[in-house]
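Given only the sequences and the hints, what does the whole structure look like? Please build it.
Protein chains in written order, with our numbering: chain A, 1 to 496; chain B, 1001 to 1499; chain C, 2001 to 2120.
Derived by calculation from the structure, the hints in this document are not laboratory data. Note that the structure is predicted; figures quoted are calculated from it, not measured. Treat the hints with care, since some could be wrong.
[As the list claims (entries may be wrong)] Sample of chain C residues lacking proximity to chain B, with all beta carbon distances greater than 10 Å (derived):
id, residue
1, M2019
2, Y2048
3, M2064
4, E2065
5, H2079
6, R2106
7, K2108
[As the list claims (entries may be wrong)] Quick list of simulated restraints, FRET-style, between CB atoms:
id, chain 1, residue 1, chain 2, residue 2, range
8, A, A21, B, E1459, 52 to 62 Å
9, B, L1463, C, V2090, 23 to 33 Å
10, B, V1291, A, S50, 51 to 61 Å
11, B, A1423, C, I2119, 27 to 37 Å
12, B, D1159, A, L46, 56 to 66 Å
13, C, E2114, B, V1291, 28 to 38 Å
14, A, P30, B, E1459, 40 to 50 Å
15, B, S1273, A, T64, 47 to 57 Å
16, A, Q483, B, L1463, 52 to 62 Å
17, B, K1209, C, M2026, 19 to 29 Å
18, C, G2094, B, I1284, 30 to 40 Å
19, B, F1367, A, L424, 47 to 57 Å
20, B, H1065, C, V2090, 27 to 37 Å
[As the list claims (entries may be wrong)] No more than 27 Å apart at the CA atoms, straight line, and that leaves these computed lysine-lysine pairs for BS3-like:
id, chain 1, residue 1, chain 2, residue 2
21, C, K2055, B, K1209
22, B, K1209, C, K2056
23, B, K1330, B, K1200
24, C, K2117, C, K2028
25, C, K2055, B, K1200
26, C, K2108, B, K1112
Every residue gets a Cβ at the ideal spot worked out from N, C-alpha and C, and that includes glycine.
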Amino acid sequence: MDVFSSVRPLLAILVSLMAAALILVTGKRPNLREAWTILAAVAKFLIVLSMAPSVLSGRLLECTILTLSPGISLKLRVDAFGLYFGLLASGLWIATSFYSIGYMRGLKEHSQTRYFFCFALALSSTIGVAFAANLLTLFLFYEILTISTYPLVAHKETPEALAAGRKYLVYLLTAAVFILFCIAYTHQLGGGLDFVGGGFLAGKGSPEVLRLLFVIFILAFGTKAAFLPIHEWLPTAMIAPTPVSALLHAVAVVKAGVFSCLRVIHYVFGPTLLSDLNLWLMLCYFVSFTIVVGSLFAMVQDNLKRRLAFSTISQLSYVVLGAALLTPMALIGSILHMAFHGFMKITLFFCAGAIFVKTGKENISEMNGIGRRMPLTMGAFAVGAIGMAGIPPVCGFLSKWYLCLGSLQAREMVFVLILLISSLLNVAYFFPIVYNAFFRKAREEEPLQREEASWWMVAPILICALMSVLFGLNPDAFIRFHQIASLAAANIRGLF
Amino acid sequence: MNTMQPQAVILIVLIPLMSSYAIPLLGWRWKGSAYFIALIAIGASSVCSLLLLWTVLKQGTIHYHLGGWLPPWGIEYVIDPLNGFMGVVVCGISFLVTLSSKESVEKELPEKKVRFYAIYLLLFTGLMGIVVTGDVFNLYVFLEIASLTAYALIAIGEDGAPLASFNYIIMGTIGACFYLLGVGYLYIVTGSLNIADLAKLLPPLYHSKVVLIALAFFLIGTAIKMGLFPLHVWLPDAYTYAPSAVSSFIAPLMTKVMAYILIRVMFTVFQPSYSIEVIPLTVILSWVAAVAIIVGSIMALAQRDLKRMLAYSSVSQIGYIVLGVGLANKMGLLGAYLHILNHAFMKGCLFLVAGALMYRTGMRNIFQLGMIHRKMPFTMGALVIGALSMIGIPPTAGFFSKWYLILGSIEAQNWVFVAVILASSLLNALYFFRVIENAYFEVSRGHPEGEALIEPNREEVPLSMLIPILVLAAGILLLGLFNERIISGILIFALPPGF
Amino acid sequence: MVDYLISKYNYWVYIFLMMLGFYAMMGKRNLVKKLIGMNIFQTAIILYYISIGVKKGGTLPIFMETAPRAADYINPLPHVLMLTAIVVAVSTTGVALAVLLMIYRRYKTLEENEILKSIR
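Structure (structure tokens):
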């Protein structure tokens, strides 16, 4: 592993910070303001992409910004895993930016400057989380992410929105406090906080202490990853505008939580330590609970966004399951699922938003026959739903395949069963939506002609749906997700 | 330069002292000059303090003998890294707060301007004197100068200010007199009033009850003046009813200087080992501090008045500093020192924001803030940064002092303190986000889709008030990011030997 | 025991006076009485300091040609310190009286509970 010093990781973060400042300043001129967002998104993606060749050839790009505390610096390091998350986040931001413009203008929303400002800030911190080289840097950007997404959640400013914002903060700040304790204790135990593929805590403390530390770490980071039973903030946060929900679910907050869990599992504790402590199986069962029960909750939701929220809760636990199985196949599957789920979920959320902008409807029971009015949108929705259920050729199948292979590698049949059950439940809660949209008649007073949402919104929907299918056929298309994921898995020492 | 440098030690006190006499003289004829004289004097002291800190870090402790009398017979001013650091903090914050005081003094007490600045400058003199002196009785003199002027300044405010000031007089005098008693007890057994001399003479006497009682008197006296729970009762009223310029000055500084006195007494006059091994003082202090942190935060939750909320928050923050002192390990003490700096910036910024609100809207009720961020976006932006720092969100400064305190508590294997520090972060979040909510969102109505808003006119405070607020807010961010430079460049040297 | 009490009588006096002043400050409701208590408190401390400088057979610390050695003077340093302390006490009393004057003009009374009632 050669380590090269490069300013590009820092540049990737700074691009959207500068854009955020510019957005604040040009708030009175919407077109210019939106231009900053799009420019920053594209620039960020290109910067991250430019680092891909180096990382794929085995180098690490590092950037030490300053020392934060004796012995710990604010350091960015782009390894395969970080690059992966960075590509995912910046790529999807481009799509979300275009979509946001269509959504906000379609609804003539208020406080758009604040919205775009917080968006840019949130994406800066997401990339910071992706590229963090040690726990303290991760925590720093993690916290900025929480704070910058709060105004987005409470955007509507209605009493419900503010209450949702408060709940959001309570959950996430409480979790942050526990994370801080864990980080401080890790520092006390180990001295350094830098991530090491394969973990660095082995032998640093007694088994009981390490077990307790792991449990608190996972629960605390898991709050942002929305495990059951600490998931409640996520469905409540659905009161935010849909691009925000898309961001929260597909790109930034929840994925950052899962990303951090994986960092803790593989880069702080490591497979060898976890199998010595016999913690991995417990973790697998814990997330399996979330997988199944999350899907069950999803089935009873009538509000489309809430159903999608519970679906996310369930799907993201796939990622942690894959990581916890501690086998190479499972890890590749879980990392792949991060991106593939991202694309599929964002398609689904974009569709929900488009429906809301055009018809004002939020509940599934009102959406009969909407496929005739908005065939492109619902077509994309169907693609996303197929992928979620794990049916080829949409990409969801590939990641599930790897996960099943991985659990076989770990010689635990029960998780294959869990994955199958979850697929069936996915079908159970997604297909009725598609069926109702296309094959049920709408009520009489509704218009019948085709009336899609504006192209600002429909284009991202179609592109993301297309990418989902493309990734299913060739997981290395465009962004080489599969290659990067395999490299990341190969970097972890000690997998079974 | 060589002859100037030692003189900076006395100039740092002399310039404001002389200027405070000049203000009534010149102000009798030119009323507007009072502000400028005060500003220039404090500015000169700031330059001196920076010079002194730089010299101390390069050359080691500076000794200055007043009147040429050698210690321990004469009064000596000693600047070591801790002193130098405190001096820069006090001068810097004073300068910024004084800069912003012009408009608020004009608005709140226009006819008392000249007298105000004269007493204000004397308060600054007192605080600086406490910081630079190396003689315990001289410290008492400056302590009283600072206290008396503070009493007078607080009493000028509106509503219940005179009564609040009187209560402060009563309690503060008890505190100062206890300090004096402590000095007396030490004098009986050692015959010396010089801090360095006492440090040499006291160790053989550690078994004696007199020395123990002396430390107890010092402790109670400074605890009263610091506002350490449960002796904090004067603090909320005094901070709330004082005029804006006064509370912005006193809140960040006075309690910190009193904490500095505690640190001096515990770690320079008495060896640290006395407070750790001979008597379990650090244990007691840290538990009292832990209670102070929690009680202060809980009381702050219950307030509707912004300044009162900030006052109780200060009670809680003093708890952090004393907790750091009480932990008595390297990380804890570094956290305490860093928190002195950070809290001065945070509270300075927040109280200036409260002053700005008072200036523009004339009220302080949290629940009536009503979307004030449209009228005063920069001020509210600074409020957000200050609030985030108080809660402890990286990369603001407040996070790092909490980080060191947590590391210190873990090192001391005391999980209750860790829990207290973390819980207080959450409590801080509760009451600060309530303010942010009210300032940024219209809590009653909300904006369902499609409703455009008419932007009310931007009505920020004047530049002389806005610039200090923004400088302090930027400082909070910079102090957080560069805290390691401060730690390794200055604060490491300020630790007592043996840490 | 009695010998112990009598030989340290200065401490007993100062403690008694200090507690008296303390009680007045805390226990009395009238603000002027509190102020008087504060004065007694401070005076007690002044007396204490002066008393510790006394030497058996010593004389006033005024330089005289006829006085033989320095050891015959009682310790002048506490006197010097207490001059400062007296000035401080007087200034504090002055400030407190000014504040009391403000209070009286505003609330027309100097009883603490009545003032608190009129503020609420």
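Okay, the hints, checked on the actual structure:
1. M2019: Per Cβ check, M2019 of chain C is outside 10 Å of chain B; nearest 12 Å; holds.
2. Y2048: Since the minimum Cβ distance to chain B is about 7 Å, Y2048 of chain C lies within 10 Å and the statement is violated.
3. M2064: holds, 22 Å
4. E2065: holds, 24 Å
5. H2079: holds, 13 Å
6. R2106: violated, 7 Å
7. K2108: It holds; K2108 of chain C is separated from chain B by about 13 Å at its closest Cβ, greater than 10 Å.
8. A:A21 / B:E1459: 52 to 62 Å: With Cβ atoms ~23 Å apart, the hint is violated.
9. B:L1463 / C:V2090: 23 to 33 Å: violated, 43 Å
10. B:V1291 / A:S50: 51 to 61 Å: Taking Cβ atoms as reference, V1291 of chain B and S50 of chain A lie about 55 Å apart, which means the hint holds.
11. B:A1423 / C:I2119: 27 to 37 Å: holds, 33 Å
12. B:D1159 / A:L46: 56 to 66 Å: Hint holds: Cβ distance 60 Å, inside 56 to 66 Å.
13. C:E2114 / B:V1291: 28 to 38 Å: Holds, since E2114 of chain C and V1291 of chain B (Cβ atoms, about 33 Å apart) stay within the stated range.
14. A:P30 / B:E1459: 40 to 50 Å: violated, 24 Å
15. B:S1273 / A:T64: 47 to 57 Å: With Cβ atoms ~39 Å apart, the hint is violated.
16. A:Q483 / B:L1463: 52 to 62 Å: holds, 56 Å
17. B:K1209 / C:M2026: 19 to 29 Å: holds, 26 Å
18. C:G2094 / B:I1284: 30 to 40 Å: holds, 37 Å
19. B:F1367 / A:L424: 47 to 57 Å: holds, 51 Å
20. B:H1065 / C:V2090: 27 to 37 Å: holds, 30 Å
21. C:K2055 / B:K1209: holds, 22 Å
22. B:K1209 / C:K2056: Holds - the C-alpha atoms of K2056 of chain C and K1209 of chain B are around 24 Å apart, at most 27 Å.
23. B:K1330 / B:K1200: holds, 23 Å
24. C:K2117 / C:K2028: The hint holds at about 17 Å.
25. C:K2055 / B:K1200: This hinted pair holds, its Cα atoms lying about 26 Å apart.
26. C:K2108 / B:K1112: The hint holds at about 23 Å.
In terms of the numbered hints stated before, the structure departs from hints 2, 6, 8, 9, 14 and 15, listed from lowest to highest.
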